[in-house]
Amino acid sequence: MPSNEVKQRKKTTPSGKQNEETEETTKLKEEKVKHADLTGKTENRVSSSGVDIKTVTCLLSLIVSLALAWFVLQQATKFADVEEKYNELYKKTRDIQSLENEINQVSKKLESSEEDLQEALSSVSLVTTLEHDVSGLQTIINVMQDSERSVSQNMQNINERFQNVTDLWKSSLDQINLDIGNLKSETRVIHNKVTTKINEAEKNLKLLSVALEDLEDSTKRNSRVLQRNEDEEVVEFEKQLDWNTRQIQKLEEQGLVMVNKDSELMEKLADYQPKMEKCEEQLPTVENAVASILKMSSELINTEKRIEDLTVQVFNMEDNMLKVVSEILEIKKDLDILQVDNSILKLANELKVLKETVKEFDRAQKEMPVIQEELNTEL
1 MPSNEVKQRK KTTPSGKQNE ETEETTKLKE EKVKHADLTG KTENRVSSSG VDIKTVTCLL
61 SLIVSLALAW FVLQQATKFA DVEEKYNELY KKTRDIQSLE NEINQVSKKL ESSEEDLQEA
121 LSSVSLVTTL EHDVSGLQTI INVMQDSERS VSQNMQNINE RFQNVTDLWK SSLDQINLDI
181 GNLKSETRVI HNKVTTKINE AEKNLKLLSV ALEDLEDSTK RNSRVLQRNE DEEVVEFEKQ
241 LDWNTRQIQK LEEQGLVMVN KDSELMEKLA DYQPKMEKCE EQLPTVENAV ASILKMSSEL
301 INTEKRIEDL TVQVFNMEDN MLKVVSEILE IKKDLDILQV DNSILKLANE LKVLKETVKE
361 FDRAQKEMPV IQEELNTEL
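The sequence shown begins at 1 in full-length UniProt numbering and counts up by one.
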């Protein structure tokens, strides 16, 4: 634009002073072919054209600075949008990590659910891909920041050059035009790069949103499957508790029967002691008494065998009850972690009742050898 205005002004100048102006212009602008055919100007025109070119260059500098500022503002708004999306993704990744921790805790306690563990591992792989994508977004943001810094540095360089142009416009006009062309090409290249990177970031964001939706669906499915498994385990546990209570009641009834039999045997032995004294006094009736004693001893041996069998059964039942109590404690820990409502509190109360019955059973078991020793001493 300034070269065309100079040509038009030089055509209107008088031909008397063309040689002087052509000598000055050829000395200043030998490097370019476009300005070789300039003829010259008058001294008054030279001063006025100098003022006009200064104003034109100032206007050009203002226009370029405004355009660059507008471009920087657009890039800043785009960068702010990308940063907001990145913050949202970061929050979602935190939520996903918390869900992952809960899933890992549940998977450690429920070793039987292999399918759930595989799905959890697939979700972990998705989270790693999300982390890689987030790192890619971070690199893109860093590149954009570097590009903005380079643009700001270029703006500073341009402002310094335009300040120098006001004093030395004849020697640096061509260089300013070249710089403006380079800046335009650089801004176009940077704009193209930024647009491509923003498009790639938007594609990655779409992919990440799809992956997040898939992960949410998988977590919902896993929670449903876990809830079903927990309900089934609770039902089975209630059935096992009912069966254990029935078995304990049966064992208590058998223990009462055995205690009654022991008391009857003790009474019989107390009745037989005066008879033994009479048998010592009466020798002819001793043989009959010995036969009756042998019969009673055989009965006592049978009762001792029964008592031993019952003790073995009691020990077995004690081991089973200890195993059941250990399983109940583990299930209680799992249920406390999962925070099940009032039904689990009822189960906890029933577990306390079972513990008390087991303790009473242990006491009865400890009292059984004392009863056996008393029977042996009486025999």
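Incorrect hints may have been included.
To be verified - With a Cα cut of at most 30 Å, we get these calculated DSSO-like pairs of lysine-lysine:
no.	residue 1	residue 2
1	K78	K184
2	K91	K239
3	K295	K261
4	K193	K220
5	K85	K206
6	K92	K250
7	K239	K92
8	K323	K250
9	K239	K305
10	K193	K261
11	K359	K333
12	K250	K239
13	K91	K78
14	K359	K250
15	K85	K239
16	K239	K268
17	K220	K206
18	K54	K239
19	K239	K220
20	K261	K305
21	K305	K250
22	K92	K184
23	K91	K203
24	K220	K85
25	K359	K323
26	K359	K239
If you're looking for bench data, these hints aren't it; they were derived computationally from the structure.
Nothing here was measured: the structure is a model prediction, and the numbers come from that model.
Here's how the hints hold up against the structure:
no., hint, in the structure
1, K78 - K184, "20 Å, holds"
2, K91 - K239, "44 Å, violated"
3, K295 - K261, "17 Å, holds"
4, K193 - K220, "40 Å, violated"
5, K85 - K206, "11 Å, holds"
6, K92 - K250, "57 Å, violated"
7, K239 - K92, "42 Å, violated"
8, K323 - K250, "19 Å, holds"
9, K239 - K305, "33 Å, violated"
10, K193 - K261, "99 Å, violated"
11, K359 - K333, "21 Å, holds"
12, K250 - K239, "17 Å, holds"
13, K91 - K78, "20 Å, holds"
14, K359 - K250, "17 Å, holds"
15, K85 - K239, "52 Å, violated"
16, K239 - K268, "44 Å, violated"
17, K220 - K206, "21 Å, holds"
18, K54 - K239, "99 Å, violated"
19, K239 - K220, "29 Å, holds"
20, K261 - K305, "14 Å, holds"
21, K305 - K250, "20 Å, holds"
22, K92 - K184, "40 Å, violated"
23, K91 - K203, "19 Å, holds"
24, K220 - K85, "25 Å, holds"
25, K359 - K323, "14 Å, holds"
26, K359 - K239, "22 Å, holds"
Comparing the model with each earlier hint shows violations of hints 2, 4, 6, 7, 9, 10, 15, 16, 18, 22; every other hint is respected.
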